[in-house]
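**Q** Here are the chains, one letter per residue:
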Amino acid sequence: MTAATLSAAVPKPAHVPDGAVYDFDMFADPAYCADPHERVLDLVRNAPPVFWTPRNGGHWMLLSHAAIFSAARDTESFSSEMIPMDHIKAMLAKMPPGTPHIPVVVPICVDPPAHTKYRAPLNRPFGPKAINALKDSIRALANELIDKVAARGHCEFMREIAEPLPVSVFLKMMGLPLERMGEYRELVRAHLSDPEPDPRNVVKKLWQITASMRDTLLERRAQPRDDLISLLWQTQIDGNPLTMDDMENYCALLFIAGLDTVMNGMGHGVRHLARDQALQAELRKNPQRVNDATEELLRRYTFTIPPRIVGKDLVFEGIPMKKGERVMLFLPAADLDPKEYPNPERFDLDRQNSVHIAFNAGPHRCLGSHLARVELQIIYEQMLSRLPAFRLDPSNPPAFHGGHVVGVDSLHLVWTP
Amino acid sequence: MKIRIDKAKCVGNARCAAVSAELFPLNDEGYIAVEEIDVPPGMEEAALRGARACPERIIVVEEGK
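As given, the protein sequences belong to chains A and B, one line each in that order. For the first sequence, my numbering assigns the number 140 to the initial residue and increments by one for each residue that follows. For the second sequence, my numbering assigns the number -1 to the initial residue and increments by one for each residue that follows.
Since the hints were made in silico from the structure, they are not lab data. Hints should not be assumed to be uniformly reliable.
What the hints assert, rightly or not - Result set (EDC-like, lysine to aspartate or glutamate): computed pairs, CA atoms no more than 16 Å apart in a straight line: (1) Lys268(A) / Glu27(B); (2) Lys0(B) / Glu33(B); (3) Lys311(A) / Asp286(A); (4) Lys256(A) / Glu33(B).
Claimed, not checked - Footprint (simulated), chain A over chain B, 3 or more residues, beta carbon under 8 Å: (5) 8 to 15; (6) 18 to 30; (7) 35 to 41.
Where a beta carbon is used, it is the ideal one built from N, C-alpha and C, also for glycine.
Throw the hints in and build the complete structure from the sequences for me.
**A** Take a look at the structure:
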């Protein structure tokens, strides 16, 4: 999505020190949208480690690993309740009777202790044990997609592989009918093509998502099967069985948080592989190193930017912040911080400290991290083992987008079949 | 060699168990199940690597016991 328009700059609030201002539009910065992580490296070198940008209504950006590491744990100072739960409840209560339930994406948008309560039912199905059991079926899905393009000698990786894979895995895990793949891919695409949406459209989209699952939700409540929806019906929150509203909240969350995130991770990783023939050769020779490569790719190309809201007036890293101001945990910069990772721009399979926070730190650690790791590792393994050396298509360079998930719009690959 | 873990601060990355599932037992939800581990002889290297792998930095290895 090239040529995004910069948002208007708003005036600097009086308490923001002049030295803490840096102009960066995380949705539309031209250099960022042209080659995201090159621009992140530039920010790491040249922008203050904590700064305020006048773009997109004005907000704070945390860049250093140390700042993000401490802010992610301090949920009282840096709250996830972008709209407080009380406001949401009051708003929902004012809706005319008969309005369908508006999904609230718990547990992402609540702080502990409510966060702990709403997250608990999801921890086991997304834990390493449950996810590792899915490996074979994920590998089969990946093979199917790769084999469709192998003989052709080229593909658009995002549309043909990175997007359908997580959607198929999602449908399988949830127990949703696979023949509705087309419908779900349309919903994902609508979700992606609308990066800074109007709240009314968000609600409509959430309704479409939950409406598409309603039949299956009801069927599984009556007749459980071996899938996530059935399992969630059998769990409890505060000793009470889940309601249809709870189930719709979870479904909306898993849909929104679980699909475009991992596909963009795949895009960054496969682009790196396509530009690094020596690494491809090394990994084809030593496939057991794909595990390390997956971690280093996550570090080098961290791609999510979780928002927070300042919970009380405070001074953070010497800078005054006011209650209600928005803060971005700019994870891509944390994982390129030279204080933590010497020569951060280097992809290094043997890096001493390869422990990144691509899945964020603290209690909101990405619930889907185990699934994402498995999907990423499998897609790299299968791309390397089923295709010969692949490169970027020189006549069709990749395109990128900014936003809360900085990602890849298109990635054209070529190889000699 | 002993491992001490600030269990309450575990957020379930499970990176320690990815180094050694034997040394770092997880509960069913994928969070660390214990606060203290006596490292069996021969597993010192895995203990150190598992501790280093924790993004939350809550695993400490105490040498010489």
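**Q** Hint by hint, say whether it matches the structure.
**A** Results of checking the hints against the structure:
{"no.": "1", "hint": "Lys268(A) / Glu27(B)", "result": "8 Å, holds"}
{"no.": "2", "hint": "Lys0(B) / Glu33(B)", "result": "11 Å, holds"}
{"no.": "3", "hint": "Lys311(A) / Asp286(A)", "result": "20 Å, violated"}
{"no.": "4", "hint": "Lys256(A) / Glu33(B)", "result": "23 Å, violated"}
{"no.": "5", "hint": "8 to 15", "result": "holds (count 6)"}
{"no.": "6", "hint": "18 to 30", "result": "holds (count 5)"}
{"no.": "7", "hint": "35 to 41", "result": "violated (count 0)"}
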